[in-house]
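Trainee: Sequence:
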Amino acid sequence: MNVILFRDTQVQIMENTIANAEKYFGSFCSLMAAYTRKTAKLRDKSDILVKKLIDYANTENPELRTTVKNFAEDLAKVQDYRQAEVGRLEQKVVEPLKVYGVLIKQAKAEIKNFSKARKIEIKQLEKLEKTRHKSPSNQHMISQVESQAHKASLDASRTTQQLEETVDEFQKQKLKDIQKIFLDFTGIEMAFHAKALEVYSQAFQTLENYNAEKDLEDFRAKIQLASGRFPDSKPATATNPISSLPWSTGAQRTFSTWGEWGKESRAVSQKWKSVPSTLQKLTLVEMEEESEEEQMQETSTAKHPQIWRGASRTP
1 MNVILFRDTQ
11 VQIMENTIAN
21 AEKYFGSFCS
31 LMAAYTRKTA
41 KLRDKSDILV
51 KKLIDYANTE
61 NPELRTTVKN
71 FAEDLAKVQD
81 YRQAEVGRLE
91 QKVVEPLKVY
101 GVLIKQAKAE
111 IKNFSKARKI
121 EIKQLEKLEK
131 TRHKSPSNQH
141 MISQVESQAH
151 KASLDASRTT
161 QQLEETVDEF
171 QKQKLKDIQK
181 IFLDFTGIEM
191 AFHAKALEVY
201 SQAFQTLENY
211 NAEKDLEDFR
221 AKIQLASGRF
231 PDSKPATATN
241 PISSLPWSTG
251 AQRTFSTWGE
261 WGKESRAVSQ
271 KWKSVPSTLQ
281 KLTLVEMEEE
291 SEEEQMQETS
301 TAKHPQIWRG
311 ASRTP
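First residue of the sequence shown: 1, per UniProt numbering; consecutive thereafter.
Just so you know, the hints here were simulated from the structure itself, not pulled from any lab data.
Don't take every hint at face value.
Said to hold, decoys possible - Estimated spans, in silico, between C-beta atoms of each pair: (1) Gly87 - Ser201: 16 to 26 Å; (2) Tyr200 - Ile13: 46 to 56 Å; (3) Gly101 - Lys172: 17 to 27 Å; (4) Lys23 - Ala212: 55 to 65 Å; (5) Ala212 - Gly101: 49 to 59 Å.
As the list claims (entries may be wrong) - Taking lysine-lysine pairs in the DSSO-like style, the calculated list, with each CA pair at most 27 Å apart, reads: (6) Lys41 - Lys52; (7) Lys69 - Lys41; (8) Lys38 - Lys98; (9) Lys108 - Lys92; (10) Lys45 - Lys92; (11) Lys116 - Lys23; (12) Lys151 - Lys119; (13) Lys174 - Lys69; (14) Lys180 - Lys98; (15) Lys172 - Lys69; (16) Lys98 - Lys172; (17) Lys52 - Lys180; (18) Lys112 - Lys172; (19) Lys119 - Lys105; (20) Lys119 - Lys108; (21) Lys130 - Lys119; (22) Lys112 - Lys127; (23) Lys51 - Lys105; (24) Lys180 - Lys195.
The C-beta atom is built at its ideal place from N, Cα and C for all residues, glycine as well.
Using the sequences plus the hints, can you model the full thing?
Mentor: Here's what the structure looks like:
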């Protein structure tokens with residue numbers, strides 16, 4: 001019976017090992033499979049984003065179009081790396097974890113066989129004890145029962161040995177695999193993020209170097225052309241005195257506000273009002289000059305009458 005108790009203790013430890021692996025490795029497998037699916041979905045959504053960015057770039061001005069297209073190309077490169085990440089996760093993480101579903105089933109089957117052999121052994125030992133108690137003088141029957149009990153004990157021992165070897169191998173592989181699986185997982189993620197960081201750095205530089213002023217100038221130029229104004233146009237040079245007047249079309253004046261236009265209009269009006277008075281002054285001056293000339297002629301005639309008479313006869 002001491003042997004049986006010893007085996008029970010061994011088997012209890014092995015059962016706990018298998019149950020613990022079943023619990024956690026099953027969770028690891030489910031979670032890593034979900035992680036891989038989410039990564040694949042992120043890749044798909046990013047591919048859609050790349051397409052939308054390219055479509056949008058084709059509607060924008062040259063500078064922004066080039067910048068957005070370059071950014072979309074960098075983002076597409078990251079998704080190529082992400083696709084490689086998904087494939088490696090499936091191959092080196094998810095698939096090895098799936099194997100433990102089969103290994104745990106095999107270990108549990110070994111435990112089940114041991115439990116069956118143990119029950120037979122206990123049953124035969126109990127039968128032997130009863131036979132010895134009821135028929136102590138019947139050596140033949142006792143011998144048969146002892147033989148059956150011995151055989152059951154051998155089967156239980158053999159089953160226990162097999163179970164021990166199976167669980168030992170399982171534990172050995174489990175310890176190595178848990179290390180390798182998560183080393184591979186970490187290496188895959190490091191490789192992806194290292195390459196992604198390099199590309200994202202380039203994408204960041206592309207966006208940072210974008211000059212919005214050029215596109216803004218192009219946009220404003222389009223608005224001005226649409227409204228009939230020509231950007232960067234200079235006023236025409238005046239070629240005659242009249243063009244220097246405020247109302248001249250040759251000056252190409254542009255009135256920025258209605259207030260300025262009103263001021264200019266009033267100034268023109270004042271100038272026009274001053275024109276008649278100026279003309280009147282000029283007329284008076286001319287009349288005075290003519291009067292002075294006539295007086296000078298009369299004075300000269302009175303002093304030299306002969307000269308003036310001779311001059312009047314000259315043809």
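Trainee: Decide, hint by hint, whether the structure agrees.
Mentor: Here is how each hint holds up against the structure:
no.: 1; hint: Gly87 - Ser201: 16 to 26 Å; in the structure: holds, 24 Å
no.: 2; hint: Tyr200 - Ile13: 46 to 56 Å; in the structure: holds, 50 Å
no.: 3; hint: Gly101 - Lys172: 17 to 27 Å; in the structure: holds, 18 Å
no.: 4; hint: Lys23 - Ala212: 55 to 65 Å; in the structure: holds, 57 Å
no.: 5; hint: Ala212 - Gly101: 49 to 59 Å; in the structure: holds, 57 Å
no.: 6; hint: Lys41 - Lys52; in the structure: holds, 17 Å
no.: 7; hint: Lys69 - Lys41; in the structure: holds, 23 Å
no.: 8; hint: Lys38 - Lys98; in the structure: holds, 18 Å
no.: 9; hint: Lys108 - Lys92; in the structure: holds, 25 Å
no.: 10; hint: Lys45 - Lys92; in the structure: holds, 24 Å
no.: 11; hint: Lys116 - Lys23; in the structure: holds, 24 Å
no.: 12; hint: Lys151 - Lys119; in the structure: holds, 13 Å
no.: 13; hint: Lys174 - Lys69; in the structure: violated, 48 Å
no.: 14; hint: Lys180 - Lys98; in the structure: holds, 14 Å
no.: 15; hint: Lys172 - Lys69; in the structure: violated, 52 Å
no.: 16; hint: Lys98 - Lys172; in the structure: holds, 17 Å
no.: 17; hint: Lys52 - Lys180; in the structure: violated, 40 Å
no.: 18; hint: Lys112 - Lys172; in the structure: holds, 21 Å
no.: 19; hint: Lys119 - Lys105; in the structure: holds, 21 Å
no.: 20; hint: Lys119 - Lys108; in the structure: holds, 16 Å
no.: 21; hint: Lys130 - Lys119; in the structure: holds, 16 Å
no.: 22; hint: Lys112 - Lys127; in the structure: holds, 23 Å
no.: 23; hint: Lys51 - Lys105; in the structure: violated, 47 Å
no.: 24; hint: Lys180 - Lys195; in the structure: holds, 22 Å
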